[in-house]
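Produce the complete structure using the sequences and hints provided.
There are 2 protein chains.
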Amino acid sequence: MDGLIMDFPLNLQAILRRGEQLFGGKEIVTRLPDRSFHRYTYTDMAARAKRLGVALGKLGMRRGDRVATLCWNHYRHLETYLGVPCAGGVVHTLNLRLHANDLTYIANHAGDRFLIVDESLLPIWDSFKDRATTIEQVIVIGDTVPGGAIGYEELLATASADEYSEPEIGEREAAAMCYTSGTTGMPKAVLYSHRGIVLHSIVSGMAGALSLQESDTTLPVVPMFHANAWGFPFTCTFVGAKQVFPGPFLDPPSLLEAFEQEKVTVTAGVPTIWLGILQVLDAEPGKYDLSSLRGMIVGGSAAPRAMIEGFQERHGLKVIQAWGMTEMSPLGTVAELTSDLEDAPPDEQYRFRAKQGLPAALVEIRARGAEGSAVPWDGQSLGELEVRGPWVASSYYESPDSADRWTDDGWFRTGDIVTIDARGCIEIADRTKDVIKSGGEWISSVALENSLMAHPAVAESAVIAIPDEKWAERPLAVVVLKEGATATADELRDHLGREFAKWWLPDRIEFVAEIPKTAVGKFKKTALREMFAGEATGAAAP
Amino acid sequence: MDGLIMDFPLNLQAILRRGEQLFGGKEIVTRLPDRSFHRYTYTDMAARAKRLGVALGKLGMRRGDRVATLCWNHYRHLETYLGVPCAGGVVHTLNLRLHANDLTYIANHAGDRFLIVDESLLPIWDSFKDRATTIEQVIVIGDTVPGGAIGYEELLATASADEYSEPEIGEREAAAMCYTSGTTGMPKAVLYSHRGIVLHSIVSGMAGALSLQESDTTLPVVPMFHANAWGFPFTCTFVGAKQVFPGPFLDPPSLLEAFEQEKVTVTAGVPTIWLGILQVLDAEPGKYDLSSLRGMIVGGSAAPRAMIEGFQERHGLKVIQAWGMTEMSPLGTVAELTSDLEDAPPDEQYRFRAKQGLPAALVEIRARGAEGSAVPWDGQSLGELEVRGPWVASSYYESPDSADRWTDDGWFRTGDIVTIDARGCIEIADRTKDVIKSGGEWISSVALENSLMAHPAVAESAVIAIPDEKWAERPLAVVVLKEGATATADELRDHLGREFAKWWLPDRIEFVAEIPKTAVGKFKKTALREMFAGEATGAAAP
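Residue numbers (the working numbering), protein chains in the order written: chain A, 70 to 611; chain B, 70 to 611.
FYI, nobody ran anything at the bench for these hints, they're computed from the structure.
Here the structure is a predicted model, which is why all the values come from computation and not from measurement.
A hint or two may mislead.
Note that identical chains are pooled: a pair holds if it fits in a single copy or bridges any two copies.
[To be verified] The list that follows gives simulated cross-link-like pairs (lysine to aspartate or glutamate, EDC-like), each with its CA atoms no further than 20 angstroms apart:
#, residue 1, residue 2
1, LYS332, GLU411
2, LYS502, GLU599
3, LYS332, ASP412
4, LYS332, ASP409
5, LYS198, ASP171
6, LYS387, GLU411
Below, the structure is given as structure tokens:
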């Protein structure tokens, strides 16, 4: 027997309607390319989003058509976030930091028919436009519009908001698309549904999750081409927050100036951004009035505890760690203190806040060990994190060969090796590709690396798995000593032995002058494996 | 094109799983009939809810079967809230304050197969059991179980939690049922879906709505047989709040003792409850330490501004007005200050907080005037409030003759006459049955009554509509003067004229010794209409 409740579809039209009807006078502020600030209201935004949808329809956009964007964070990008899906299209954010080859592959694989591009990013488009076979119409945001393209404002001028009539959109229809560049293989696309985004928005507004609300002023530093800027444009429109967009100015002084001037309450970005901000604040304490800032959400990779402490202790600023994935829209977990920790000593609080946190409502987690069985929630056992929920991808778009990322019972395999504690708080220990599987158990390369790098003589260390006949794999540590410092392999093993079980200790420790790194500064472990894997294990495993 | 997102059903199993997995150690506290406090954890509750589901299955409960409850607010009632729907049944809360005739009608109309009843409420069951034709099995919570019935603990003993295997429940299936006693006709049933309850729970947890969260300790004074205790048992389990249930002890001292002892942070109830509490606090200020209490949610009928001010100014306690209906699960609007009012003078803040508030996320509102057209959001124009949303009833259960409560385009007609201001904040002015339709416009009887009762000479006043040839209806005021006070009809009309347009003023003002009242103290307007409607209008309408 079904309930007798309205069939109210959870689609982005509900977000746009709410933003327009209840928060029409609230402000949306953007830093323009000339560094000045553009301001308008939700009423303006909603009217323009509708006009964009109507105008794209006149250009030939049909239901489900992909409309690519190649843009910084600004108000017109927000208009595409809402205007395209509310008119039945799919907004596909292209990552402007990718190589032209990847952009070519992605645009063609997605079948993008339209491209909306910032004038300043036209050189990127120029670098792959000859190979992009599906894009029929280019729309340029800016003053200089190349031949064959149409200006964004010119496009909007072809439509009025009155022409907009909400198409009926089922909640499971696609609304947005984002590619994730895995470490292996070609980029893969997540196709977000209207329903998933709406649910993600509500939960992001929950007290205890991100608590985004009408009284907030938000500034997402995270780019709008990264997993929907963590949902901020949708959530903030839904709850009626004042929204501030930094445009292309992501340097610490520009951001700090915007935080102070606009009285930003919540901001979000990757640790690199906050490390830069912290340096500036440390150099000139008190220069900026950040008393409005209630939370700096950090995600994308783990925030160092020292950074969280530094902001809190030296500047009274609260860093909130969260974890998610493009495949998760992206919110997975948030490390807000649980009530039992409210009166805990600072050390215990920081230890918690440096973890990735508890799952948001409707997100479910579990972890499975090296042998495939569920690991206990003891804060120690390592397992690969698996997730499910109503905004988690069920497959990649047209990528049948990646079906192994989902379990037989439909959970998504995150590729993260974690511990889960009794509270349900996860801590990421490693990636599956880097974890060492020894005798049916996992050893965290990251944990060993962190411990080695805490040794006074060690400048850098990478730990990799090397094949082993008996144990399948064994850890091998590659170490760069600090200039002038000395340490033997046995000394380092003793050091590790204070923290880890004997079978975790690397049998071999190789001293090198330098560890090869990727373009973004991560250890190139593939290169290390090639260097060392061929050699025989030097010592018997314990 | 559909999104590629998991098909994760929004059902109560997701609430129970989350409560159990993440908040297993959190407490649930109940005041027992002997006034002592029973305590156990979410782990205990979840195991017992599962056992209840299994045991009912063994007793013959099938998918969609209605399981009636006749219970106070306590932990076993919570177990039925979750255990019954998670096993595929529908929990149907019977209102223990209804007359035996109504209970008979309701139980039979619902087709209840099982009844779970508090031992102390057995006399109520006895009063209609002979006429309840569908109830096959009675389950008694308490020590003394009459012949033919089974004890609740005895029932649970027939099942173990391990036997529970989650049935697959579609999110649109029915989970709960509640009858609303309209002012006319027989009671009508709202049949809540799993999906509606889950969405209602998430939104209740949003910052800016009720903000219910893990760190809260909640005590719903509102009975669990009134619109699911405003969703508290579901929401609180979902977010992991500590839950306190008052059992049958709803008197101010018992409640205040529980607030203080359990450090309650959020409580909820009708104005009558809070008026009683305020009297006790005023009589003995400082007796109770209520420093933990962050919000007292008031709904069910409008909270007087004087009460809101009294709590705030004299005791530092925050009353939060909300509005909803059984047909709305029940959350409709919440009067939390919007950011533009944060620095407003107290008078303006109180004026706002005495209104019913802004719609919660996913609730949409509009109002239509006497002639059926949409009224502007100007804070003045009167219209009947219409709502829609994913937890609003689409029809009553087996009540085809009440289809006129829904508009042709599917909105629910609330029967409330309201104004909506530019913020989207509603203020209830009247009920449709009491509003006066004069010359194609509405006149609020409640507004006129309040103004008359603010006159120093007036003790009580009721305003009714009487038929009028030219204007269709005209207002007539019935006034009881204070002992020893005098006032003429013209004086009172002058008084009203300072606040209202001329065409609003009652043509006739009748002075009486007493206004007939209903059992709960409301004006019996039907009796007044009978008394006065027959007489000719004494004066020409303006």
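Cross-check of the supplied hints:
no.	hint	in the structure
1	LYS332 - GLU411	between (27 angstroms within a copy, 15 angstroms between copies)
2	LYS502 - GLU599	within (15 angstroms within a copy, 83 angstroms between copies)
3	LYS332 - ASP412	between (29 angstroms within a copy, 15 angstroms between copies)
4	LYS332 - ASP409	between (32 angstroms within a copy, 14 angstroms between copies)
5	LYS198 - ASP171	within (12 angstroms within a copy, 73 angstroms between copies)
6	LYS387 - GLU411	within (14 angstroms within a copy, 23 angstroms between copies)
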